[in-house]
Structure formats: structure tokens, C-alpha cells
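Peer 1: All chains should be modelled from the sequences, with the hints used to inform the complete structure.
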Amino acid sequence: MAIDVATVRKVASLSRLRESDESLESLAGQLNGILGWIEQLNEVDVSDVQPMTSCVEMTQPLRDDVVTDGGKVADVVSNAPKSLDGFFIVPKVVE
Numbered sequence: 001m002a003i004d005v006a007t008v009r010k011v012a013s014l015s016r017l018r019e020s021d022e023s024l025e026s027l028a029g030q031l032n033g034i035l036g037w038i039e040q041l042n043e044v045d046v047s048d049v050q051p052m053t054s055c056v057e058m059t060q061p062l063r064d065d066v067v068t069d070g071g072k073v074a075d076v077v078s079n080a081p082k083s084l085d086g087f088f089i090v091p092k093v094v095e
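For what it's worth, UniProt numbering labels the leading residue of the sequence shown as 1, then goes sequentially.
If you're looking for bench data, these hints aren't it; they were derived computationally from the structure. Check before you lean on any hint, since a few could be wrong.
Stated by the list, open to error - For lysine-lysine, the following BS3-like pairs were computed, each having C-alpha atoms within a straight-line distance of at most 30 Å:
1) K82 / K72
2) K72 / K92
3) K92 / K82
Said to hold, decoys possible - Okay, the calculated beta carbon distance ranges per label pair:
4) G70 / E43: 49 to 59 Å
5) D21 / V49: 38 to 48 Å
6) K92 / L17: 53 to 63 Å
7) F87 / V66: 18 to 28 Å
8) E95 / V67: 34 to 44 Å
9) T68 / Q30: 51 to 61 Å
10) N42 / A6: 23 to 33 Å
11) P51 / L17: 30 to 40 Å
Predicted, not measured: the structure shown is a model, and the values here were computed from it. Quick reminder that beta carbons are idealized off the backbone N, C-alpha and C, glycines included.
Peer 2: Structural data, given as C-alpha cells:
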């Protein structure tokens, strides 16, 4: 796929970029070069390559997913100005 000056002009317009008519030919050549590199990358066989999230293979340490109440009710409500039976007491704001 070759990119011509008209395509570069349209892409520049859609991107809200102002380019002079003299630079459009140069940009078309540069974009064609980039597309050439992409075509070369498409020729590489990556069928046996596993997807990676990092360049260093690591395993994520996981803990058991256990549902608890946190066990810190007393610590949490100790910071409240008023509490009752493990709940915060707040002033009424709606009448």
C-alpha cells in the first residue's frame, strides 16, 4: 500500500495538522518507509511465541481469596468521634 500526497493531506487535515505543500511529498515518503518496515515485521513467524506482559518472565504471587470481615472493626471505629456497636454515628442531615 503506497501513500500519495493526497492521502497525506487528508490525514493531516483529519489530525488537525497544518503542513505546507512542500513538506507533503517528504511526509509521504516517510510514511511509505514506515509501512515498509511494518510489512517486514508481518513476515516474521511468531506462531510459537507466547504473549508477554513483561520482558522478564515472572509468576504473580497469589494468595487464597478468602472472604472475611476484616477483623479490624474496633480499630476502624476507634478513630470515629461517635460509634455504637461497630457502626459510625453521624449527625442527621436530611429532614
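Peer 1: Against each hint, give a clear statement of whether it holds in the structure.
Peer 2: Each hint, compared with the structure:
A C-alpha spacing of about 17 Å is found between K82 and K72, which places the hinted pair at or below 30 Å, so the restraint holds. Straight-line distance between C-alpha atoms of K72 and K92 comes to about 26 Å, which keeps the hinted pair within the 30 Å bound. With a C-alpha separation of about 13 Å, the suggested pair K92 and K82 falls inside the 30 Å cut-off, and the hint holds. Taking the beta carbon of each, G70 and E43 are about 55 Å apart, inside 49 to 59 Å as hinted.
One distance hint, 38 to 48 Å for the beta-carbon pair D21 and V49, holds here, with the actual separation near 44 Å. Range check, K92 to L17: about 58 Å between beta-carbon atoms, so the 53 to 63 Å window is met. At about 24 Å, the CB distance of F87 to V66 agrees with the hint of 18 to 28 Å. Taking the beta carbon of each, E95 and V67 are about 38 Å apart, inside 34 to 44 Å as hinted.
Between T68 and Q30 the Cβ separation comes to about 59 Å, which falls inside the hinted range of 51 to 61 Å. Here the CB-CB span from N42 to A6 is close to 25 Å, well matched to the stated 23 to 33 Å. Between P51 and L17, the C-beta spacing of about 34 Å keeps the proposed range 30 to 40 Å intact.
Consistency note: the structure conflicts with none of the earlier hints.
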